[in-house]
Amino acid sequence: MTHLSRRAFVTAALASLLVSCAGHGGGASATRPGGTHVSARSSADPANAPSTLGRSVPARLRIPEIGVDTPVMRLGLAQDGSVQVPPITAHDRAGWYQHSPTPGQTGPSVILGHVTVGAYGDGVFRHLDRLRRGDGITVRLENGGSAEFTVTSVRTVAKADFPTKAVYGDVDRPELRLITCGGPRTGDGYLDNVIVFAALSTTHH
Amino acid sequence: MRRTVLSATAAACVAVLASTVPAFAHGASASATPRPSAPAATPAPSATTAPSARPSAPAGDEPSAVPTREPSRAATPVPSVAPSEGRGQVGVVPSGAPDTGVTTGSTGSGSDGMLIGGGTAGALAVGGAAVFLVRRRRATGA
Chain Z
1 MTHLSRRAFV TAALASLLVS CAGHGGGASA TRPGGTHVSA RSSADPANAP
51 STLGRSVPAR LRIPEIGVDT PVMRLGLAQD GSVQVPPITA HDRAGWYQHS
101 PTPGQTGPSV ILGHVTVGAY GDGVFRHLDR LRRGDGITVR LENGGSAEFT
151 VTSVRTVAKA DFPTKAVYGD VDRPELRLIT CGGPRTGDGY LDNVIVFAAL
201 STTHH
Chain S
1001 MRRTVLSATA AACVAVLAST VPAFAHGASA SATPRPSAPA ATPAPSATTA
1051 PSARPSAPAG DEPSAVPTRE PSRAATPVPS VAPSEGRGQV GVVPSGAPDT
1101 GVTTGSTGSG SDGMLIGGGT AGALAVGGAA VFLVRRRRAT GA
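Keeping their order, the protein sequence lines are chains Z and S.
Going by the working numbering, the first sequence opens with residue 1, and the numbers climb by one from there.
Going by the working numbering, the second sequence opens with residue 1001, and the numbers climb by one from there.
By construction, these hints were calculated from the structure, which means they are not laboratory data.
Given the structure is predicted, the values throughout are model-derived calculations rather than measurements.
Each hint should be verified, as a subset may be incorrect.
If you anchor each label on the Cβ, the simulated ranges turn out as follows [as the list claims (entries may be wrong)]: (1) S/L1124 / Z/R130: 32 to 42 Å; (2) Z/P184 / S/R1087: 46 to 56 Å; (3) S/L1124 / Z/E65: 43 to 53 Å; (4) S/R1087 / Z/P50: 22 to 32 Å; (5) Z/H91 / S/L1124: 29 to 39 Å; (6) S/L1124 / Z/D69: 49 to 59 Å; (7) S/F1132 / Z/I66: 48 to 58 Å; (8) Z/T186 / S/R1135: 51 to 61 Å; (9) Z/R173 / S/R1087: 17 to 27 Å; (10) S/G1128 / Z/P184: 35 to 45 Å; (11) S/F1132 / Z/T186: 41 to 51 Å; (12) S/R1138 / Z/H91: 48 to 58 Å; (13) Z/P71 / S/G1128: 14 to 24 Å; (14) Z/P184 / S/A1139: 39 to 49 Å.
Just a sample of chain Z residues kept apart from chain S, beta carbon distances all over 12 Å, derived [what the hints assert, rightly or not]: (15) P50; (16) S153; (17) H204.
Backbone N, C-alpha and C fix where the C-beta goes; we use that ideal spot for every residue, glycine too.
All chains should be built: construct the whole structure from the sequences, respecting the hints.
Structural data, given as structure tokens:
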């Protein structure tokens, strides 16, 4: 009998251990990979420039390297003049800044997404800073066409020094900017922005 | 013998039930966390699509620089200057840096504390139940 009581005890102890593990594992952790400044910008390669696309609003964004496959909503300006950001929801989406060119047009097309969405956990651009030069990005357009981009650089910059000109300034080819937050956290936000610069590589009409 | 086996089974059941404690702790922390911002869900895509922003002009030179009616989340603490209305490829250049990350409730120590506390409480409950069952069985001489 005593032997069996010990067995009961062991069973209970194992169950307790499982409970403890479940408690720790169930949380919405968001440990951040280290490293801020990722890679340098690359030079343009206008020699083999793909054909540009006509204006068509982006409908979907795919980034296989980091598991992103999201619908794209439209974003405008907030009342204070800053760019709007997608709403904080459980399954947040990316958003295209509608005053920028559409993907595939000449100019910097700007798409934004959250890195984290508060209590909902990771945002759609949670791992944007893991992209590296050469990674592919596909934007499907509302007219059925698609534009494929290749990452040229990934930068992490302080919000106080946001490179407005580099992001929104004119360029001589179709480019893409993916923007999210990153770097150290402060209060309920972040101190930095992660910006992915990409250039058009292929188009499908 | 049989009672001992039953005791072990009961202890295992208590463990399974107790596992809901940390789950509840997580859920409670998530729901108790103040939502980042009330108007966050309001800027629906259609709301921002002002008719003037979709002209037939092909090169993104929207004539209207009027900010949309729907406010977004509070923008970055970066000093904000008025958006510039250029004739460049980007029709209206926003001011400041985009605020594309909300950390509230995602990784706060309070949330972790709740999880750890919940897990510990569950473990203690299971352990206590096991001790109680075994002692009672011994007392009854089974």
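- Violations among the numbered hints: 2, 6, 13 and 14
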